[in-house]
Amino acid sequence: MTAPPTVPREIALAAKPSLGQRLGQLIEPLTLLLPSGVWLVLFLVIPTLLIAEISLVPGLRPGDVPGAYGLGNYLQIFQPVYLRVLFRSLNFALGTTGLCLIVGFPVAYWIALMAPKRWRTLLLVVFILPLWTSSLLRAYAWITILRSSGLLNVVLQAVGIPGQNILNSPAAVYVGMTYSFLPYMVLILYSSLEKLDIRLLEAAADLGANPAQRFWQVTVPQTLPGIAAGGLLVFITSLGDFVVPTLLGGASSMTIARLIYNQFLGPTRNWGFGSSMSMLLILAVSLAIALLIRYGDRNPENYS
Amino acid sequence: MPRNRSLYSPYSRRLATSRRRFLQGGAAALAGMALSNCRQGGVSDVQAPDTETGNGNGGEGGGGSDTLHIYTWADYVDEELTAAFTAETGIQVVTDIYDSNETMLARLQAGGGSAYSIIYPSDYMVEEMIELDLLTTLDQDRVEGLDTMLDQWVSPAYDPDNVHSVPFSWGTTGLLFNRELVSGDPEDWDYLWDNQQALNRRFTLLDDVRETMGAVLKSLGYSYNATDPDELEEAFERLMELRPAIAAFRSFGWEDELLGGDLDLVMSYSVDAIAATLEDPAFEYVIPLSGSSVWTDTLVIPETAPNVDAAYEWINFNLDANVAAQTVERLFFATPNSEALDLIDDDLLANEDLFPPDEILARCEGIAPVGPEASALYDRYWTEVTSA
Amino acid sequence: MSQTTSTQRSAPPAAATLDVELRQVFKIFGPDTAVKGVDLKIRQGEFFSILGPSGCGKTTTLRLIAGFETPTTGEVLLQGRNVSHMPAYRRPVNTVFQSYALFGHMSVWDNIAFGLRIKRVGKSEVRTQVAEALRLVQMESFARRVPGQLSGGQQQRVALARALVNRPAVMLLDEPLGALDLKLRKEMQVELSNLHRKLGITFIMVTHDQEEALSLSDRIAVMRDGEIEQVGTPSQIYDFPKTPFVADFIGETNLVRGKVDQAARDGLKVTTDTGLQVWVQPPKIEIPLTAGMAAVVSVRPEKIRLSTQASPAQPGQNCFAGRLQHVMYLGTHLQCRVVLNTGEHLTVLQPNRHQRLPELETPVYASWAATDCLALAAKSPASELTDAS
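Chains as they are written, first to last, in the numbering used here: chain A, 1 to 304; chain B, 1 to 388; chain C, 1 to 389.
Okay, the calculated beta carbon distance ranges per label pair:
hint	chain 1	residue 1	chain 2	residue 2	range
1	C	R127	A	P106	35 to 41 Å
2	A	L137	B	A157	37 to 43 Å
3	A	T133	B	L132	37 to 43 Å
4	A	L137	C	M86	50 to 56 Å
5	C	P92	A	L287	46 to 52 Å
6	A	V220	B	L132	54 to 60 Å
7	B	E233	A	V154	42 to 48 Å
8	C	T73	A	K117	22 to 28 Å
9	A	V220	C	P92	23 to 29 Å
In silico DMTMM-like links for lysine to aspartate or glutamate, alpha-carbon gap of 25 Å or less:
hint	chain 1	residue 1	chain 2	residue 2
10	C	K36	A	E202
11	A	K195	C	E175
12	A	K117	C	E69
13	C	K303	C	D266
14	C	K242	C	D39
15	C	K119	A	D197
16	A	K195	C	D110
17	C	K269	C	E252
18	C	K303	C	E361
19	A	K195	C	E69
20	A	K117	C	D32
21	C	K303	C	D372
22	C	K198	C	E211
23	C	K242	C	E227
24	C	K242	C	D273
25	A	K117	A	D197
26	C	K119	A	E202
Because the hints were derived from the structure by calculation, they are not lab data. Just so you know, even glycine gets a beta-carbon here, dropped at the ideal spot from N, CA and C.
The task is simple: from the sequences and hints, build the whole structure.
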């Protein structure tokens, strides 16, 4: 056993920055972080903690004297009816994410890699344009398209396909939400595809990979961070959307977002239960983001 | 009950208005909905409402104080009448709008309503707000014209003797249908169950637990405000029977489908239904025989009101028979003011959708608070129905 | 500075089969014509370089062979087959890219196995071949790394292995050593040469580094503005450039512009505007110059001798008076700059024999044998002549 090399005391002391120096090093980042820090604490941390507290008071209504803490609100979520709502919401959100990916990828690919360069910005703007109108108005527009005598069926019947009764069904929700959130997906995929190294595709072609093999073995892995980020954004926003399910989904379109809305602004006004479901959503979303940071957002050039 | 008054602008409710206008009105109003909490000011460039507290004349400052902040439904305040009020009293009126009683209550409870001197809650909400001590007791000496109320509103159940509120408008809930598409005669709620096959996915009910559950309760012979768990369960099961045939639960957004013939029938508030029947004679409105809900919207002064004098001025202005009559003609809801009835256009007065006969009205109930336990049951059943 | 390599390669037999052939290939990008009627015949097993300044169309020519571009007109043949419109992934060629273009999301091993797996080669076969390729480029111990963890030279080796593991008929190398530092480049040149000998397949390399081209290639094509100026062995290109451009681009040279005064069988005389008379004795190859034609005389710096005394005037020897303007010490050589009395500048390279040089600005005589210089036809005087410096 050898003793660890000892450093003379005065050198060890001298090597340490003085208290003043260390304070100085602290002050600069603190000053930079202060505005956003205050903002975050005031408008994110404190409200979230409040929701967390309310969620622990079973059946709390505004104006009530708060009862004892308990997990009643959380247990309530596990009743079959609420689990069904949760499951449907997840279905809507996952389906929308998948559809956005399927529809959005070719579009983003085309804009980023195939469209003439001088048109790209214009094409992107055209794609984002619908975001400038109210989401309610867009959902309303889909009513006129999807209703039995609407535009869709006029077109379908013109080409000899029997009309479909899509409005007021889950299919309409998928259509409406995909339309609503597609621009986000296209934007994120575009910025990811724009950075795609074309030379890698050439290298793959050079090694004998046909277009499909190039897509699955190079394009997709290379743009995986974008796919993950876009998917997560669409997933989170569609999980929280209640305009589209309300207007297009018909009688069986209760989602967790609507359920939460009903608890706060509906006649029930069960803030405790609403808060517990909000906490569940916050938890699910945080988890998804954590997963993205851990596994999704890796620079493929820099694995380690 | 979150009624959506914004669906039709007042101007689209004229008899002569074309169907196209009707549609435009709907879409434009919807766009407005998205901005539902935006201020609709008669006067531009006013201070933010919340700063008014410190700025106003306080409670006892005398008649001619400058600004009155009103929190109300969309399309509930007519601009010309407001202008007349300002001309008469010198008080500027600023209105903010809300889309449901619950939204309004939430804002008040969160402390965001201290600038308002006048609010327009519905009946059951008046009751809740009284319980929560949010409303001032009206100084009866300063209210002129309460004696003109029709019998039903002299001492309404939600606020006996109108101690805290002044009835402003009322209406009913019922069935609006396309005469050319439905078979038989929709007279009562039972029509829905009896014609479930023919109506399959061609009708909507209100997206409001109390209205829709209330209708089912009525069809079973129970009260709109039932709290008995057995009665509620029975109603729930009856609603589940009907559920596969229901296209959607919608309080708004159905007009396109109804006009296009994609819906045969909708459950709707009278104020929306009357607009449709006046547009197109193919549409008829019926208040079901076994009864329905009758709703009242009121004028109240919140506890925190900064400009009480102006609030009384506003209440008295609206109690004036002439003003009340014009309100009916412009905004299409029934008035509880008996004197105003004499001043209303005969065609409108004879419209039974707007002023139903007493024997029908007698079978209707106002929606009243049911307490937390029943309320939780209602919500549970509602979640069951809408997630099945 | 250039050195002709001492290792003179034996030119492949003329009858050898052709691996790659380009026939009158044009490639037009919008308003720009990148390749203008290129004809090339590359024999099997040859190490062939395409050399030229940037923008000369050499990379486009390589991309036409690889299949990343299709010719606007003309034909590309691989082993006798017209592949002009065959997509890259069907062609029996593999490319080493200037940027390496390694797949960052795969390990070194998977990068090299990529081509074999695409071809559905059996698993055990993939294992043996990848291992062999790794051994060939001496990267066995890096198989599990990802490209981001490798140095430039290591990435270069992986890129090589990834291409050659597929046993292509033709290997295409696009500035393969361009991104490496000088020392590494020299090492890799040796390795490339060894690999080529071991594998015996055709290498086509694009480079702007004439030294690299001269030292590695069996034959070189010099390109300029989308056209091929000259094709030949390194020594042909260096010693007998056909055009002033090639003379200037390959190695260093002094170009003296003038007019053919006198053309005889044993030599010709070129006279400049300033009155300088240069004797040129034609080498083995014929130069079609007749009296009255514009010509450029090219003389390599190392062929010129400097002395303080004039050598006696005699046919077959050029000797001009001037003064020494500048001397640069290069270690093995001294680079001198001489201004002739008639105004021409000459660069002269003298071996460093520790001899004493005349003082600066003193009169000197520059002389060279008529057989040591070349007379080339000047096509367009304005653009041909760049001052040799």
